[in-house]
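Here's the letter readout for the chains.
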Amino acid sequence: MRILSHNMLMCNVKGCGAGNFPLRLAGTPVQNESEFNQEFMSHMYSKLDWPALKQACGDVGITTLPEEPPANPEGNQEFLKTLHDIIIDTHIQQGSLTCNNCKRVYPINNGIPNMLLNENEV
Amino acid sequence: MNWVEKGLEWIAAEELKMKLKEEKVQVYVDKNELPGRVLFSLQQWNPSILFLLKKLQTIEHLFAYVGKITLNHSLLPSPSSSSSSLKDSINKNDNNNDNNNDPRDDSEVQVKETEVEKQILNEQKEEKDQNEERKRINSKDKKRKRTKQERKEHSKQIRIEATPEQRSLGLDQLESAASLFKEDDWENAMKIWKTFAQVTKGIKNLELLGSPIFRITAKSAGNHVFNSIELGQRLADSVVKRCPSWRPSAKQFELEISAYLRFDVLHLGFSVTDTSVSLSQVDPKRNLGVTALKPAIAYTMLHMAKIEPGEIVVDPMAGCGTIPQLGSSNFPLAIYFAGDVSDIAVEKSQQNQMEMDTKSAQNKTWNAPCQVVKWNGKRLPFASDSVDVIATDMPFGKRIGSKEGNVELYPAILREFNRVLKPTTGRAVILTQESRLIFNQASTDSWKLNRYFTINQGGLDVFLFLLFKHKNE
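The listed protein sequences correspond, in order, to chains A and B. Using the working numbering, the letters of the first sequence correspond one by one to residues 189 to 310. Using the working numbering, the letters of the second sequence correspond one by one to residues 95 to 567.
One chain only, chain A, in its complex shape (with noise of 0.2 Å):
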């Protein structure tokens, strides 16, 4: 699971209201290196809940990640391939996400999150 999509994912349990997003991250990131896109990066740039990617960054121990974006990140190369170091090329293969506030664990093997919800928690 890509750092990107835990920035998107949030926890959908019945009654799990406020504090369910960002989910805690566990696990040892992993380096799979692909083709940088600036164009796909600027634009994603602004999607970015940048609390929550500082967050995921502290769980897992990703040190790379600057304390705050530069000014006009968009146009910013050296930013932009730093980011999609972190967000595309850093996977969590075994791990966790977990809920702040109703501490549902949600594993995350072979880099598949397993988001499925049991029969009492819809």
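Hint data in this document are derived by calculation from the structure and do not stem from the laboratory. A portion of the hints provided could be inaccurate.
Said to hold, decoys possible - Below, computed lysine-lysine pairings styled on DSSO-like, alpha-carbon distance capped at 30 Å:
#1 A:K235 to B:K379
#2 B:K379 to B:K492
#3 A:K242 to B:K492
What the hints assert, rightly or not - Residues from chain A that keep clear of chain B, each with C-beta distances beyond 10 Å, as calculated:
#4 R190
#5 S193
#6 G203
#7 P217
#8 S234
#9 K235
#10 D247
#11 N260
#12 E266
#13 T270
#14 D273
#15 N288
#16 N289
#17 G299
#18 L305
We put the beta carbon where it would ideally sit given N, CA and C, even for glycine.
Given the coordinates of chain A, work out where chain B should sit on it, guided by the hints.
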């Protein structure tokens, strides 16, 4: 929305116009004359254009079109019936379907059904009530449940046999059919085929190209005085008559001539593709699910959604992931999620995605990130009002799920779609046979039905819907 638009010719035409813009392409669609086909002409022809054409996503085969001629002795005289009653015309159409020389000819079935639809819709033109439309779909389903036995008996009553004179007239006309095509048309088509033969088949000897070994593949629509075997044989004879140095062979052929006899019009084309073009754009080794979609249809759905850069595209019932994967490579500036409730589907999806990602990394190309997730479509792990596009192939209730189950499932799923989609700009592209269930939801205040049409998928009438989220439920 009186008509039910049918068929995918429009998407092939759009793709051609888009991808051959530089070549100033002209595209013609005539669903009555050539259903399931699109004619296009270019100002010039060279190998690089052939390579461009081979990258198209929505077409299966390409031909160098020679032209069309009329064979007025080929048709079986129709049974005398000037009855204007609806029931009779429906029966006659069913009858024609049975007597069709090539029962697998989808395009003929298409045109017959459109005519039936036209008659029904004309009678109801005054009523713009959607309920009436749904009743029509209901009754069409019931009519199909005639048993094979009943249809055979019915067809025996109306069938007319050709007289020996009619047959010999028709067959004789076939024997000289090839010679009826204009010299210029024939030469132009040959020129196109020769480029293909040199480039793709590796035939270098230009002299050999002038006298190719050929095979005829004949399709027909309508009732003729001869059968399809005779049609193929006589057409092959007529080609040799026109080009004596050409030799027919069923197996070791270089040139495949495609003949399409639609009622009394014969269309001829020289094939310039060996395999399905749209299928060759995807990995042949990809893991397929139980009801895997044809790539061309998945592409059509994504095209309908008009995906913008930076958008979030979700397939909540992805199966083996055909739709998000096609998005990942063809609309690569968005981000994709492929989710399913089944373990096997999720595994297949992941394998396919990893294959694609590995290949991209090796070839140093880019494809959009696609995350595979295990989830239940009724309960998605996305915040409300956060997703831009939902594109999915919903269970028909035949191979997956059940018709009864769908009555509960569809409203629940669509409610969840509505929750996660952004208001106004958020849209759902849905492929399903359960048109009634979608119409039910679409008629509520929370959705705006933008467009829908039917396609023929393996003999089933399947619907494609484009719905916009109007507001939250």
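Taking the hints in turn, this is what the structure says about them:
{"no.": "1", "hint": "A:K235 to B:K379", "verdict": "violated, 34 Å"}
{"no.": "2", "hint": "B:K379 to B:K492", "verdict": "holds, 26 Å"}
{"no.": "3", "hint": "A:K242 to B:K492", "verdict": "violated, 46 Å"}
{"no.": "4", "hint": "R190", "verdict": "violated, 6 Å"}
{"no.": "5", "hint": "S193", "verdict": "violated, 4 Å"}
{"no.": "6", "hint": "G203", "verdict": "holds, 13 Å"}
{"no.": "7", "hint": "P217", "verdict": "holds, 16 Å"}
{"no.": "8", "hint": "S234", "verdict": "violated, 7 Å"}
{"no.": "9", "hint": "K235", "verdict": "violated, 6 Å"}
{"no.": "10", "hint": "D247", "verdict": "holds, 18 Å"}
{"no.": "11", "hint": "N260", "verdict": "holds, 17 Å"}
{"no.": "12", "hint": "E266", "verdict": "holds, 19 Å"}
{"no.": "13", "hint": "T270", "verdict": "holds, 17 Å"}
{"no.": "14", "hint": "D273", "verdict": "holds, 13 Å"}
{"no.": "15", "hint": "N288", "verdict": "holds, 14 Å"}
{"no.": "16", "hint": "N289", "verdict": "holds, 13 Å"}
{"no.": "17", "hint": "G299", "verdict": "violated, 7 Å"}
{"no.": "18", "hint": "L305", "verdict": "violated, 5 Å"}
Comparing the model with each earlier hint shows violations of hints 1, 3, 4, 5, 8, 9, 17, 18; every other hint is respected.
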